[in-house]
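Residue numbers (our numbering), protein chains in the order written: chain H, 1 to 90; chain R, 91 to 587.
No lab work stands behind these hints: they were computed from the structure. Among the hints, erroneous ones may be present.
To be clear about the criterion: a stretch of chain H counts as covered by chain R if any three or more of its residues have a C-beta under 8 Å from a C-beta of chain R, and this derived list gives those stretches [to be verified]:
#1 18–29
#2 32–44
#3 62–75
A virtual CB, placed ideally from N, CA and C, is assigned to each residue, including glycine.
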Amino acid sequence: MSPTDAPSPSADAPAVASMSFEQAMAALEQIVAQLESGRVDLEQSITLYERGAELRKHCEAKLRAAEMKVEQIVQGADGSAVDVKPFEAG
Amino acid sequence: MSDLLFEDDEPEASGPNGDNAPPATVSELSARIKRSLEDGFGRVRVRGEIGRVSRPRSGHVYLDLKDDRAVISGVVWRGAAQRLEVSPEEGLEVVAEGKITTFPGQSKYQIVIEQMAPAGVGALMAMLEARKKKLAEEGLFGEARKREVPFLPDVIGVVSSPSGAVIRDILHRLSDRFPRPVLLWPVAVQGEKCAPEVVAAIQGFNALAPGGQIPRPDVLIVARGGGSVEDLWGFNEEIVARAVAASEIPVISAVGHETDTTLIDFVSDRRAPTPTAAAEMAAPVRGELLATLSGLEERRERALSRLLEERRTRLRDLARALPRPDELAAMARQRLDAVGERLPRALMASANMHQTRLARVAARLSSASLVGRIEAGRERAALFGDRLRPALERAVGQTRDRWEKSARLLEVFSYKATLSRGYAAVRGASGVASSAAELAPGETLEIEFSDGRVTAKVNGAASSEAGAGKLDTMSNKRAEASKRRKKKSEPSQGDLF
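Here chain H stands alone, though its shape is the one from the complex:
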């Protein structure tokens, strides 16, 4: 670690954007529990709070993508999937 790197709790934490919903949710739960324990110093609590906000945003974005799009695979001559078409219940 170079001396210019400011030590921060999020330095070794994974980037929120690459997290799955479940990971983000679990991370958020952990952060809240940590904040509630009160055993964090002020600087860290602010950092945790901000990371919590980021995680919440990420989770919400995942939850907002609630679209029911149903498509049906169209097979090619060799049996592999070549395309999709809207599903029509038979």
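Guided by the hints, dock chain R onto chain H, whose structure is given.
Then chain R, alone, in the frame of chain H:
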């Protein structure tokens, strides 16, 4: 059957007239039997239990089909054996389909089997048990093989029939819980095409490239509604089980009702009792998640404000406990004042003390004591002056004596070394005689040897030759003279000095 009767009739018909006809050979007869059986029966379907099975290296399979009273030999040619739906096993009740023919070499008739299927539920279950055992031994059902079904999949793949209640149930439950993109891979869910199509669908979904044009599902649901054991049989096929085991994408199986267990259920990552339950396993309830999230959000806000409030309170408490700056300074100032007050007094006391000491010392410093010391010095100087002259004269005298003694000694010892080498010092009346001419006849001489002196008298006048000769003679008599010396030396010595 009518053909057979007709064939049978033929020899009878010709019999009466054929007495003279030549007899048929065994081969000819066998060929006629073969033809008549093949033509008479054509394709048959027969149900029976498989008896003895043998598999020579040729790849053909020989077996017996039997019931409680009869046995028919059967053969499955290699090509057909590879295509058989079920592997012939002794004791399995099957329906075999094929042609009746003969084996003339052994006078046997047999059925050439082209297709074979298990007959009845019992037979199917027995076969299923055997398959299950085999795959379990291979480790395909191991818990360690099970993959985790994602909590919130981005895309859900469904392998099922496009028609019917199953897909509707799944989609309905998904939209209730968490509307998601769904990709349906339509397959036949019963009949001979079922297993190969299900396999193709599972493999096809896995073959989709992540991030490709068609989104690759995160989870697969293989579903079918309830049905008879035969209806569900496709999901008991080994190829289906192996395709599920090989799938990289986690698979949820939902085939039949809860009580129906098919082979795919053992190998899938999760088994759902119904298609609806499969949808529940595939997606969480969005509403619950939103509630959980807002709950967490509330707790997060509250936790931080409590954290800040706690610190604020603590800061206030600490601030209260902290002494005021002027209070801190006041104490110091008081000390300064006290010390400052004592300073001039201390200085004065110190000066007084030094003055007293000075006065005491000055009092002891008087001229009388100094004069006394000077007088004493003068007396000591006079005393030393009186003693100086005699001491000096004594010292000079001693030195002179020592010097004279030394000079005499020097004179005496200076030639001694020469004497020891056989020379002699001759002294006449006028001191040391260094030549014969210095001596007069009758003169008393003192001859000094290294070890002592003797006196002698000069007998003749000086002559260089005679003198030398006489002296030599005297030298030869030296030992004798030395003896005499003891008697004469004392007076001689006395004379000399």
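Status of the hints after comparison with the structure:
no.	hint	result
1	18–29	holds (count 6)
2	32–44	holds (count 6)
3	62–75	holds (count 11)
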